[in-house]
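Student: In order, the protein sequences belong to chains A and B.
Letter by letter, the first sequence follows residues 1 to 365 in my numbering.
Letter by letter, the second sequence follows residues 1001 to 1365 in my numbering.
Please keep in mind that the hints were generated in silico from the structure rather than gathered at the bench.
In this text, a Cβ means the ideal position worked out from N, Cα and C, and glycines have one as well.
Check before you lean on any hint, since a few could be wrong.
[What the hints assert, rightly or not] Listed below are several chain B residues computed to face chain A (Cβ distance under 7 Å; list not exhaustive): (1) G1246; (2) D1315; (3) T1344.
[To be verified] Label pairs and their in silico Cβ distance ranges: (4) A/M171 - B/P1359: 18 to 24 Å; (5) A/P152 - B/A1067: 57 to 63 Å; (6) A/K114 - B/A1266: 55 to 61 Å; (7) B/D1138 - A/K329: 48 to 54 Å; (8) B/R1326 - A/P47: 42 to 48 Å; (9) B/R1270 - A/R361: 44 to 50 Å.
Protein chains: 2
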Amino acid sequence: MNQKQRQNLERLLNPRHLAIIGGRDAEAVAKECERIGFTGQIWPVNPKREKIGGFKCFASVEDLPEAPDAVYLAIPREAAISTVKRLAEMGASGVVCYTAGFSEIGAEGTELEKSLVSASGDLALVGPNCYGVINYIDKVALWPFPHGGASPGYGAAIITQSGMLSSDLTMSQRSLPFAYMISVGNQSVLRLEDFIDVLCTKPEVKAIGLHIEGVKDISRFSEVALKALEAGVPIVALKTGSSEIGSELTVSHTASLSGSDDLFQALFDRLGIIRVSHPVQLLETLKYLCVAGIPKGKRLVGLTCSGGGATLLADHAEKIGLEFTRPSKKTAKRLTRLLHYTATVSNPLDYTTPIWGIPERVLPV
Amino acid sequence: MNQKQRQNLERLLNPRHLAIIGGRDAEAVAKECERIGFTGQIWPVNPKREKIGGFKCFASVEDLPEAPDAVYLAIPREAAISTVKRLAEMGASGVVCYTAGFSEIGAEGTELEKSLVSASGDLALVGPNCYGVINYIDKVALWPFPHGGASPGYGAAIITQSGMLSSDLTMSQRSLPFAYMISVGNQSVLRLEDFIDVLCTKPEVKAIGLHIEGVKDISRFSEVALKALEAGVPIVALKTGSSEIGSELTVSHTASLSGSDDLFQALFDRLGIIRVSHPVQLLETLKYLCVAGIPKGKRLVGLTCSGGGATLLADHAEKIGLEFTRPSKKTAKRLTRLLHYTATVSNPLDYTTPIWGIPERVLPV
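Only chain A is shown next, with the shape it has when bound in the complex (with noise of 0.2 Å):
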């Protein structure tokens, strides 16, 4: 990512106007912009429809009242490769390539690619084959599905390489707060690297979650995971494709190289990136992050209305090295006294169902 892909960048995330480019696939995109908000201008180019989601179609992308900002692009592989190159030559800023079918599917579609990327020139180009980008602070959805997910004003930005997966991720009712969600696809210009770099600076996003086939320059990987570190932003990571049968799967699904699992393992270590091995941890562990913060220690407290919830609590933490401390004699005296008899006091903390729900005797707990 040269300087001025940088600040393409910057503007394709949060732009004054956006060229829908394609059929059904754009007007998904109009709707998607709609739901979330978007006020910027929206820019229909079909030289064979009179609107799109309710704007009136330009034929073409030089009949644009002026470089867009940002682009999103549905159309077939060649069509597409000649639109980059005349949107690089009228100064846009940024383009989703949601079109798929290059180096992904294998020797032709390499060379595609290679095309592609050469008519790029200085544009933020994100894709090929990826879903796009939300900014859930801004309110731009450049994204061709429906969409969930919601934000108060904070949240984690999740870097992804499957455009479902992200897609899925969004979807989930498990109250993460977003920022924001982009959908890398084959990284043939912008890599996640690239977004880790711009997203880590800015003070809405509290941690950053990344779904990782494979990494295309380790070195500059280590250099901006460093970075987030450094500006107080953990980074959780779901690396896929350990497995012989996951690794064939991310050369077809992004062109990924997934390499060995070790390796990365070390890398992961060396950089302070929280790993987990679930989409399910990805949401939570970022939640954790994004609303209680970088935990200071290994103490907790865990207080449940489930004895059996309790004892699950005290396993799991002995298995992963977190501690339950037990209550001071002072705390335990107080505890005693708030608590129903049928109750023990404990860390963590079953407060029985006789105080279920009656907040005037729970809340002092």
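With chain A held as given, fit chain B onto it using these hints.
Tutor: Frame of chain A, contents of chain B only:
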């Protein structure tokens, strides 16, 4: 469990009449019975109230029309013990003792629990310190809080030592078909072994889920676990209390000695019990067994519309020793014809978004 108690337990599970003894909690049970569609008679017993849940109250158990098949007992400890004695003498069948404050709170409670047990005679006594019994097949909810869960006429029988956990399990939205939910509490008379014994022979029970803090009689547990295995009803166990704090908590929760985790693992292996480590795994494993049946081997097929998801599947399968076998040449050829050119034939298969949501193109795959 003697022969008489076994008969009484069968009546308790599907009672013609239910006496609810207590105030607010008894009212909650009446409401849950109404919600599930209980068709038997409901007889509240309360000397101070006219009606509970719309039913006329009886002043004492001696005033009931006849000895009840089931009793829900939610009154203070001393009264509970004397009432159990009178119920046993009048020939009632089963009692759920919701009342807590027995052996789980220490020496004083242990003495009271001994009195409760000797008062119970041949009663099928569940608890004390338990939520009770839900029979989803015959529509019976001897349950003191709102319950969830549905049944297509068959499903899992779950037997737990944590009332709140069992409540949470019924509330999950994971579409597990339920047959029975049993919260056994302190297991002073009826133990989880007894419920395995009785439930594993019912044709509507496709699998049994256990949440275990401690087993009181290992030899009987082994006997009934093998009985279930022979009946083709697999058992899935969530055993808790393996940690230092966790094992202390099981004592104060249900007066259970959680025992050595290694010994439990060996026991489970020997008895063909599937062990899980998380409530979600318990639900999902039971669902698989209830819906798809017991798998015949280790080979599987994965179909997804997510390249990221396909890789996650492949990685996890390799980790746990399952096999995604490669498609044969013939199958690969047929799939290539059915799929979009951006898809790659593999197992697990990402059939890709171009055919996503289009039944006439996805179904042949």
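Student: Decide, hint by hint, whether the structure agrees.
Tutor: Hints and how they fare:
1. For B/G1246, the shortest C-beta to C-beta distance to chain A is roughly 4 Å, which falls under 7 Å, so the interface hint holds.
2. Because the smallest distance between the Cβ of B/D1315 and any Cβ of chain A comes to about 4 Å, under 7 Å, the interface hint for this residue holds.
3. For B/T1344, the interface hint holds, since its Cβ comes within 7 Å of a Cβ in chain A; the closest pair sits about 4 Å apart.
4. Between A/M171 and B/P1359 the Cβ separation comes to about 21 Å, which falls inside the hinted range of 18 to 24 Å.
5. Distance hint check: the CB atoms of A/P152 and B/A1067 are about 59 Å apart, consistent with the given range 57 to 63 Å.
6. Checked against the hint of 55 to 61 Å, the C-beta distance between A/K114 and B/A1266 comes to roughly 59 Å, which is consistent with it.
7. Separation of B/D1138 from A/K329 is about 51 Å and conforms to the stated range, judged on CB atoms against 48 to 54 Å.
8. At roughly 44 Å, the beta-carbon separation of B/R1326 and A/P47 lies within the given 42 to 48 Å, and the hint holds.
9. One distance hint, 44 to 50 Å for the beta-carbon pair B/R1270 and A/R361, holds here, with the actual separation near 46 Å.
No hint from the list above goes unmet by this structure.
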